[in-house]
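**Student:** Using the hints, position chain B against chain A.
Spelled out from the first residue to the last, the chains are:
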Amino acid sequence: MALLTIFMVIALDLNSIASLGGAVALLIFSAITAAHFKTYRETHASLIVLVVALVATLGTLVVFALTTLVDEPKTALAFVVILAAALLLDFVWKSVRNRGSPRSAPSDQPGSL
Amino acid sequence: MLTYLAKGFGEGHITGIVSWLFYMTGAIVAAMVATSFGGYASAVVTNGNPSWAIVFAVGLVVVMTLLNVVGSTAVARVQSLIVKVVLAILSVFAIVTITNWNPTLLDPAGYPSLREIVSSVALTFFAFLGFGVITFTAKDLSQPGRQLPRAIYLAIAIATTVYVAVSLGVFGTLTADQVVEYGTTAMAEAAKPTLGQAGYVLMVITALFSTAGAVNASLYPATGMTRHLAEAGQFPPYSAVRSAAAHRSAWW
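In the order they appear, the protein sequences are chains A and B.
Note that the numbering used here has the first sequence beginning at 15, numbered continuously upward.
Note that the numbering used here has the second sequence beginning at -18, numbered continuously upward.
Bound conformation, chain A alone (with noise of 0.2 Å):
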């Protein structure tokens, strides 16, 4: 975590690293609450809060990538590698885990390991 970090201080400056952070936060907090519907009777969740949570992070995401990102193309590109990276290393990860025990295959179902 200290190598990325150091990473990021050297190639972004201030504004970049805070617009990069917005974006993933968003991403980060829309997947919670789209999983979120799944448990909701459990967690006993408002699910008009839900709703509300998740139309403001996914349209405050679409706005900030319409608004912010589009004028700061080294951002953009900062988010599409952090993207890529987060989605390359889990299916490296899952590939090499199932190879060594093909049992676990993975599914994106509750419950599934």
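Calculated directly from the structure, the hints in this document are not laboratory data.
Don't take each hint at face value.
To give a feel for the contact side, a few chain B residues facing chain A, derived at Cβ under 10 Å [what the hints assert, rightly or not]:
id, residue
1, His(-6)
2, Tyr4
3, Val10
4, Ser17
5, Gly29
6, Thr46
7, Ser94
8, Glu97
9, Leu104
10, Ala203
11, Thr207
12, His209
13, Phe216
Computed list of lysine-lysine pairs in DSS-like fashion (alpha-carbon distance at most 27 Å, straight line) [as the list claims (entries may be wrong)]:
id, chain 1, residue 1, chain 2, residue 2
14, B, Lys120, B, Lys65
15, A, Lys52, A, Lys108
16, A, Lys52, B, Lys120
17, B, Lys(-12), A, Lys52
Beta carbons: idealized from backbone N, C-alpha and C, even for Gly.
**Tutor:** Leaving out everything else, chain B in the frame of chain A:
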């Protein structure tokens, strides 16, 4: 937050990808705060030299990583003290600047378009990302079901109050263009008109301590989070990392 993901999507690719993103966000937060530290340190020591700002920022990350590797409990105690002192100074700053503010600087007529305001809200979401760390304290609470929600709501309420009060103080003292021009040191500059040079120095020292503590707090959860995700099968086994060197995951 990662438990919500796993409960909703299972331990598959979606949870894995978002977990890696969450892990990288820790580095983004640390980079942002370290860059602010570098900006303040450079403003004081090298008259704002941008190259030195990067050197100071990288130096802080290295020192804080080494402290995390050592795992000193003294760091945690100092961190706790820093948070209290910083909170007190920010409160004083907000009260003094708001008492002496120029309300015309906050006139909505000078605001940017709604689209730009909504876009800037993305950064606000980023500012609130750290609250997930509070759940790490659950194991130390006698009644986590009751105490944890209270702690989270209270922390969000206090942080929001401080964020809003400090913002009102800064934007009620400086114009938006001045805030952009001063960049990382805008808060210290906002202290000058009411508190003079002493106020500037106080805010610089506060910012240096605050950012140093925040970098430490951003790097600290790396080890625990890596271990948790490795146990869930989302990350490579923590034991492999641990066997290479104790707590080396702070670097990775």
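**Student:** All hints are to be evaluated individually against the structure, with a verdict given for each.
**Tutor:** A quick look at each hint next to the structure:
1. Taking 10 Å as the C-beta cut-off, the interface hint given for His(-6)(B) holds, the closest approach to chain A being about 6 Å.
2. Among the interface hints, the one on Tyr4(B) holds; its C-beta lies about 7 Å from the nearest C-beta in chain A, closer than the 10 Å criterion.
3. For Val10(B), the suggested interface contact is upheld, since its CB lies about 6 Å from the closest CB of chain A, less than 10 Å.
4. Evaluation of the Ser17(B) hint against chain A yields a held restraint, the C-beta minimum of about 7 Å falling below 10 Å.
5. Hint status for Gly29(B): violated, given a least beta-carbon distance of 13 Å to chain A, over 10 Å.
6. At about 4 Å, the closest approach between the beta carbon of Thr46(B) and any beta carbon in chain A falls short of 10 Å, and the interface hint on this residue holds.
7. For Ser94(B), the suggested interface contact is upheld, since its CB lies about 9 Å from the closest CB of chain A, less than 10 Å.
8. Checking Glu97(B) against chain A by beta carbon gives a least distance of about 6 Å; that is within 10 Å, so the hint holds.
9. Satisfaction of the interface hint for Leu104(B) is found here, the shortest Cβ-Cβ separation to chain A being roughly 5 Å, below the 10 Å cut-off.
10. The interface hint given for Ala203(B) is met, as the beta carbon of that residue sits about 4 Å from the closest beta carbon of chain A, less than 10 Å.
11. Satisfaction of the interface hint for Thr207(B) is found here, the shortest Cβ-Cβ separation to chain A being roughly 9 Å, below the 10 Å cut-off.
12. Taking 10 Å as the C-beta cut-off, the interface hint given for His209(B) is violated, the closest approach to chain A being about 14 Å.
13. The restraint placing Phe216(B) at the interface with chain A holds, with a minimum CB-CB distance near 7 Å, inside the 10 Å limit.
14. The hinted pair formed by Lys120(B) and Lys65(B) meets the criterion: a straight-line CA distance of about 23 Å does not exceed 27 Å.
15. A threshold of 27 Å between alpha carbons decides the hint, and for Lys52(A) with Lys108(A) the separation of about 24 Å falls inside it, so the pair holds.
16. Restraint check: the Cα-Cα separation between Lys52(A) and Lys120(B) comes to about 26 Å, which is no more than 27 Å; the hinted pair holds.
17. Between the alpha carbons of Lys(-12)(B) and Lys52(A) the distance comes to roughly 8 Å, so the proposed pair stays at or under 27 Å and holds.
This entry does not satisfy hints 5, 12, going by the numbered hints stated previously.
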